[in-house]
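Protein sequences appear in the order of chains U and F. Everything in the first sequence is counted per full-length UniProt numbering, starting at 1 for the first residue and increasing by one. Everything in the second sequence is counted per full-length UniProt numbering, starting at 1 for the first residue and increasing by one.
Hint data in this document are derived by calculation from the structure and do not stem from the laboratory. Wrong hints could be hidden among the right ones.
Here are the computed distance ranges between Cβ atoms for each label pair [to be verified]:
id, chain 1, residue 1, chain 2, residue 2, range
1, U, 12, F, 205, 32 to 38 Å
2, U, 82, F, 307, 51 to 57 Å
3, F, 266, U, 82, 28 to 34 Å
4, F, 230, U, 74, 30 to 36 Å
5, F, 153, U, 57, 51 to 57 Å
6, U, 33, F, 266, 45 to 51 Å
7, F, 307, U, 13, 50 to 56 Å
8, U, 84, F, 230, 21 to 27 Å
9, U, 82, F, 15, 51 to 57 Å
Lysine-lysine pairs mimicking DSBU-like chemistry, simulated, CA-CA at most 30 Å apart [unchecked claim]:
id, chain 1, residue 1, chain 2, residue 2
10, U, 61, F, 145
11, U, 62, F, 84
12, F, 111, U, 61
13, F, 269, F, 8
14, F, 94, F, 84
15, F, 269, F, 229
16, F, 9, F, 269
17, U, 92, F, 145
18, U, 92, F, 269
19, F, 426, F, 400
20, F, 229, U, 92
21, F, 145, F, 229
22, F, 82, U, 61
23, U, 62, F, 94
24, F, 94, U, 61
25, F, 94, U, 92
26, F, 455, F, 484
27, F, 8, F, 217
28, F, 145, F, 94
29, F, 484, F, 468
30, F, 187, F, 82
31, F, 187, F, 229
32, U, 92, F, 204
33, F, 486, F, 448
34, U, 62, F, 145
35, F, 204, U, 62
36, F, 444, F, 484
37, F, 354, F, 426
38, F, 84, F, 229
39, F, 473, F, 426
40, F, 269, F, 187
Fair warning: this is a prediction, and the values are worked out from it, not measured in the lab. Using N, Cα and C, we set each Cβ at its ideal position, and we do this for glycine too.
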Amino acid sequence: MSVDAQTVRRIAHLARIAVSEEDVAPLQGELNAILAFVEQLGAVDVSGVEPMTSVTPMRMKKREDVVTEGGRATDIVANAPETEDHYFLVPKVVE
Amino acid sequence: MNAPVNPKKLIKGGLHDWEVVIGMEIHAQVTSRSKLFSGASTAFGAEPNDNVSLVDAAMPGMLPVINTECVAQAVRTGLGLKAKINLRSVFDRKNYFYPDLPQGYQISQYKDPIVGEGEVLVDLPDGESITVGIERLHLEQDAGKSLHDQAPNQSFVDLNRSGVALMEIVSRPDLRSSEEAKAYVTKLRTILRYLGTCDGDMEKGNLRADVNVSVRKPGDPLGTRCEIKNVNSIRFIGQAIETEARRQIAIIEDGGTISQETRLFDPGKGETRSMRSKEEAHDYRYFPDPDLLPLEFDQAYVDGLAAGLPELPDAKKARFVADFGLSAYDAGVLVAERASADFYEAVAKGRDGKVAANWVINELFGRLNKEGLGIDQSPVSADQLGSIIDLIGEGTISGKIAKDLFEIVWTEGGDPRAVVEIRGMKQVTDTGAIETAVDEIIAKNPDKVAQAKEKPTLLGWFVGQTMKATGGKANPAAVNALLKAKLGIE
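Generate the whole structure from the sequences, applying the supplied hints.
Below, the structure is given as structure tokens:
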């Protein structure tokens, strides 16, 4: 598996990372090197092996349906570049 | 999917008839106190960002921990949809950027949902029933809410809804008309409300639908579909389907092709339009959420939840038909809301089921609809309505007077039995009093008396006059018997 220049641009856009045109070729090389490295795993025969989801035999942690948090809107918006009445303000996005 | 084509459901095009094929994704907000993966409240209408935990705001280092009640609610819903419950399911990340999605991904279920295939029996207004296949139900997080009308160049984001649990219920493309689609959503909403797993409040956005619409010539393979996003009322679902189907038919009949896309229904303009921004976002790059282990439970857990389920609308309807002798239609009307069914049962207990159904459906529901009230706001209680029915049954009041009594109890309240006493509404069964009235009418109308011998249907006129003379309080059976004897009608 390998990626072309167009795919590199697309992945960058989906991840909202600005990639200049001269960086596309080097990134393509790096990504393909990573993919080639990962592809070596394909050599291992894993037929009949359950996919491993955890290294320890853990069960999913669960919680009861109780309200334990909230009431801290000031903290929630504290890091936002712009706020008003505890709303986050962002550039207009409208369909 | 390839059920026989019902010609009545086809849409007329310019060239020939078209079949519309509809599948739906319903997003139903899970009824729970706290969110799917955090301890923040799900309560509606809080101050901006007040019901937000650090998890919901996607602060670095925060980890999601699943709410057991949301899991139970999804399983209950699955059972209510007669669906396969998956003892092991997996949470995935669905990646996209939007200002009301602080994580940059929605935690959802992709390949391994908590609930698999099921079905919903849908009754249509014409009495026909269809079975709609359910493909799956999965749990996922809701996004926050953006307000666009507060400032000219900015959107305001409130994360109170962010992280609230949703059930996405995906139907098979089994629906063939806007009527069927509306009936399906109505039925699904009824089931959810019976189960108590979603309040179905569409005005608050707690139940909303993405509608997939395509058209084809009957018998052809499926056409290319368009998805209409976020339709938030049953009426709009119907309108959106009609509008979209006609748009597609016009394009195809003009020699064009449909491009698969996401569209938005604008009820004001009565049109659907493309949401171009959504197009490239369709690359969601799902992968298993590394913060969450697979969700696992055993069959005993499912059985326990199944044992606690309430009687569901289909079963209740069947019971009303069998036990109370109701028509399928009346039973269907009564079970549409659990509160209505409970009210009816309270009225029908120990009484004639059909009479009770008539009073509840025709008088009570009719009056409630007129006033725009819900059954829980009914000024007439089940006990009061029951007493009115008893008074008719005992012969204390006539059916006509009973309607007046209902009106009095509706507006003024009180014990119907006492009202009848105080206001002298009792039916006159005293033959003497009735006889006096009858004699008077006969004496005044010798011509009609003569005619009645030839034309026995005139009896009705005499009954009417007598009832009028007695203020509607005369026992109709007694009036009939007396008149027949005196007029010499067999």
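A quick look at each hint next to the structure:
Distance hint check for residue 12 of chain U and residue 205 of chain F: the Cβ-Cβ separation is about 34 Å, which falls inside the suggested range of 32 to 38 Å. Range check, residue 82 of chain U to residue 307 of chain F: about 53 Å between beta-carbon atoms, so the 51 to 57 Å window is met. Here the CB-CB span from residue 266 of chain F to residue 82 of chain U is close to 30 Å, well matched to the stated 28 to 34 Å. Distance hint for residue 230 of chain F and residue 74 of chain U: a CB-CB separation of about 31 Å, consistent with the stated range 30 to 36 Å.
In this structure the hint that residue 153 of chain F and residue 57 of chain U lie 51 to 57 Å apart at CB holds, the actual value being about 54 Å. Look at residue 33 of chain U against residue 266 of chain F: about 49 Å separates their beta carbons, and that is inside 45 to 51 Å. Distance hint for residue 307 of chain F and residue 13 of chain U: a CB-CB separation of about 51 Å, consistent with the stated range 50 to 56 Å. Hint check: residue 84 of chain U to residue 230 of chain F, Cβ distance near 26 Å, so the stated range 21 to 27 Å holds.
A C-beta distance of roughly 55 Å is found between residue 82 of chain U and residue 15 of chain F, which places it inside the suggested range of 51 to 57 Å. A C-alpha spacing of about 29 Å is found between residue 61 of chain U and residue 145 of chain F, which places the hinted pair at or below 30 Å, so the restraint holds. Restraint check for residue 62 of chain U and residue 84 of chain F: the C-alpha separation of about 23 Å stays at or below 30 Å, so the hint holds. For the proposed pair residue 111 of chain F and residue 61 of chain U, the alpha carbon gap of about 21 Å is at most 30 Å, so the pair holds.
The straight-line distance between the Cα atoms of residue 269 of chain F and residue 8 of chain F is roughly 28 Å, inside the 30 Å bound, and the hint therefore holds. For a cut-off of 30 Å, the pair hint linking residue 94 of chain F to residue 84 of chain F stands: about 24 Å separates their Cα positions. This hinted pair checks out: residue 269 of chain F and residue 229 of chain F have alpha carbons roughly 16 Å apart, not beyond 30 Å. Restraint check: the Cα-Cα separation between residue 9 of chain F and residue 269 of chain F comes to about 25 Å, which is no more than 30 Å; the hinted pair holds.
For the proposed pair residue 92 of chain U and residue 145 of chain F, the alpha carbon gap of about 13 Å is at most 30 Å, so the pair holds. For the hint pairing residue 92 of chain U with residue 269 of chain F, the CA-to-CA distance comes to about 23 Å; that is within 30 Å, so the pair holds. For a cut-off of 30 Å, the pair hint linking residue 426 of chain F to residue 400 of chain F stands: about 12 Å separates their Cα positions. A threshold of 30 Å between alpha carbons decides the hint, and for residue 229 of chain F with residue 92 of chain U the separation of about 20 Å falls inside it, so the pair holds.
Restraint check for residue 145 of chain F and residue 229 of chain F: the C-alpha separation of about 16 Å stays at or below 30 Å, so the hint holds. The straight-line distance between the Cα atoms of residue 82 of chain F and residue 61 of chain U is roughly 28 Å, inside the 30 Å bound, and the hint therefore holds. Between residue 62 of chain U and residue 94 of chain F the CA atoms are separated by roughly 22 Å; this keeps the pair inside 30 Å, and the hint holds. A hinted pair counts as satisfied when its Cα atoms are at most 30 Å apart, and residue 94 of chain F with residue 61 of chain U qualifies at roughly 21 Å.
A hinted pair counts as satisfied when its Cα atoms are at most 30 Å apart, and residue 94 of chain F with residue 92 of chain U qualifies at roughly 23 Å. Using a Cα cut-off of 30 Å, the hinted pair residue 455 of chain F and residue 484 of chain F holds, with the two alpha carbons roughly 12 Å apart. Of the pairs offered as hints, the one joining residue 8 of chain F and residue 217 of chain F holds, with about 14 Å between alpha carbons and a cut-off of 30 Å not exceeded. Our distance criterion of 30 Å between C-alpha atoms is met by residue 145 of chain F and residue 94 of chain F, whose separation comes to about 18 Å.
Taking the CA atoms of residue 484 of chain F and residue 468 of chain F, the gap is near 18 Å; set against the 30 Å cutoff, the hint holds. Distance hint between residue 187 of chain F and residue 82 of chain F is fulfilled; the C-alpha atoms sit about 14 Å from each other, no more than 30 Å. Annotation: proposed proximity of residue 187 of chain F to residue 229 of chain F holds, straight-line Cα distance about 20 Å (limit 30 Å). Restraint check for residue 92 of chain U and residue 204 of chain F: satisfied, since their Cα atoms lie roughly 23 Å apart, inside the 30 Å limit.
For the given pair, residue 486 of chain F sits about 13 Å from residue 448 of chain F by alpha-carbon distance, which is consistent with the 30 Å threshold. Of the pairs offered as hints, the one joining residue 62 of chain U and residue 145 of chain F holds, with about 27 Å between alpha carbons and a cut-off of 30 Å not exceeded. Of the pairs offered as hints, the one joining residue 204 of chain F and residue 62 of chain U holds, with about 28 Å between alpha carbons and a cut-off of 30 Å not exceeded. Under the criterion of a C-alpha separation no larger than 30 Å, the hint pairing residue 444 of chain F with residue 484 of chain F is consistent with the structure, at around 17 Å.
Straight-line distance between C-alpha atoms of residue 354 of chain F and residue 426 of chain F comes to about 24 Å, which keeps the hinted pair within the 30 Å bound. Restraint check for residue 84 of chain F and residue 229 of chain F: the C-alpha separation of about 27 Å stays at or below 30 Å, so the hint holds. Straight-line distance between C-alpha atoms of residue 473 of chain F and residue 426 of chain F comes to about 6 Å, which keeps the hinted pair within the 30 Å bound. For the suggested pair residue 269 of chain F and residue 187 of chain F, the alpha carbons sit about 28 Å apart, so the restraint of at most 30 Å is met.
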